[in-house]
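Protein chains in written order, with my numbering: chain B, -14 to 170; chain W, 19 to 297.
No wet-lab data here; the hints were simulated from the structure.
Being a predicted model, the structure only gives us computed values, none of them experimental.
C-beta: ideal position from N, C-alpha, C; glycine also.
Don't take each hint at face value.
[Stated by the list, open to error] The calculated DSS-like cross-link candidates involving lysine-lysine, where the alpha carbons are at most 25 Å apart (straight line), are:
1. LYS160(B) - LYS250(W)
2. LYS99(B) - LYS1(B)
3. LYS168(B) - LYS51(W)
4. LYS68(W) - LYS160(B)
5. LYS122(B) - LYS125(W)
6. LYS118(B) - LYS99(B)
[Stated by the list, open to error] From the structure, some residues in chain W lie toward chain B, with a derived Cβ separation under 10 Å:
7. TYR40
8. THR58
9. LEU81
10. PRO82
11. MET83
12. GLN85
13. ILE138
14. PRO142
15. ASN168
16. THR191
17. ALA195
18. GLY197
19. PRO255
20. CYS274
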Amino acid sequence: MIYKLHTPIQGKDIAKLHIGDIVLISGTIYTARDAAHKRLVELIKSNQELPLELKDAIIYYVGPTPAKPNQAIGSAGPTSSYRMDPYVKDIMEKGSIISIGKGPRANYVKDLIKEHKGLYLSTIGGAAAAIGKTVIKRELIAYPDLGAEAIQKLEVKDFYAIVTYDSYGEDLFTKGIEDFRKKQN
Amino acid sequence: MRELNLNDVTKAVKSLAIDACYNLNDDVLNCIKCYKDKETSELGKSVLEKIIENDELAKRDSLPMCQDTGVAVVFVEIGNQVIFNGNIEDAINQGIREAYTEGYLRKSVVSHPFNRINTIDNTPAIIHYKITEGESVKITVAPKGGGSENVSLVKMLIPADGIEGVKKLVLDTVFNAGGKPCPPIIIGLGIGGNLEKSALLAKEALMRDIDDENKDPILNKLEKELLSEVNKLGIGPMGFGGNTTALAVKINSYPCHIASLPVAINIQCHASRHKSIIL
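Generate the whole structure from the sequences, applying the supplied hints.
Here it is, written out as structure tokens:
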């Protein structure tokens, strides 16, 4: 199924989504990857103010290429999500329950997503030029010293993503291989 | 002797790096198209379609196909009749610096594994030199992303492990990597040599054309068998299931110690970027 969704994505919409569904997101998402996550979690652990409101924030694991003069953003495909696994518990507890990246994650992340009734979405790794075209606006929020790893606020239109872990604890990677094996037999 | 102007080296490196990041080689693009037609999973097929669309868009609009424009790996084959008017390493790094700043490529290099401060210009490149005969210089620039490099490894097997041991190691490694390295992948294997030689062989294997046939009959057979077995793992495009996990397996080998069977596995994502020039 294909769903068009606007941010913030409501609980009732999350409940409709199952692994393998396609979502086209319009609205606001935030970029953060390794170095930004490390800083955010250090702030959370020491009870300091965060540079963005994490409640209902969708986090996209991406470090884009620099924008050319006529672009909102450069190429902007996902980075491997498992590297953010050690930080995800603290981030989710602050209310950011939807993340976007690529590739399999630790089992405890699957459990956390089920517990918080959140989602893990994937975009297509290496399809970065096409993904960049669905970003209409970009605003620097924090950590310019991190370069491509800075936190940026993105306005997106019909941003394509695949439901990879759903709020019921299902996992598209496991199901994908199971389906393949059934076909072989 | 021929004196080569290092400005020409800088210009060549710059143009190769940008070209590699914007324009996927036709052998790889055609191979992805071929596998798309054979993909049995509907989602897998649509992922391959999106990858093809992206790579064609990147070419058309001169954009990096992937935001991870990598660490620049540079292979230089220098003829023994060539002299330079200065430091070739500086000239190569200057080419990388110009490519990554002027070509709108991402700077992904940190100056120290622990302080992790970005060098801001994607230098230093990782450079491999070889001395050849003659008066020419061949330069290959291969930007390599972190996602696929992170699931690569070197393992020192023992002679008793043999071909079956190598196969098991490759299948286990690819299965454990799953969707992490952005499948469909290309698997570069370096077999033989020693610890560091095997790793270099694996990287060099990834520089071969995707349809290049291995001239060694044992390795040729092993490449084909491994490709077929990897594609039976079911990982599929981006790990969502399917029969397109790898586009190719490429093996380079070298003599080794009587006690050793070194095996390096260098995983390459579908954005297999490398461009060469002969000066």
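Item to check | Index of numbered hints that the structure contradicts, given in increasing order | outcome: Of the numbered hints, 6, 14, 16 and 20 do not hold.
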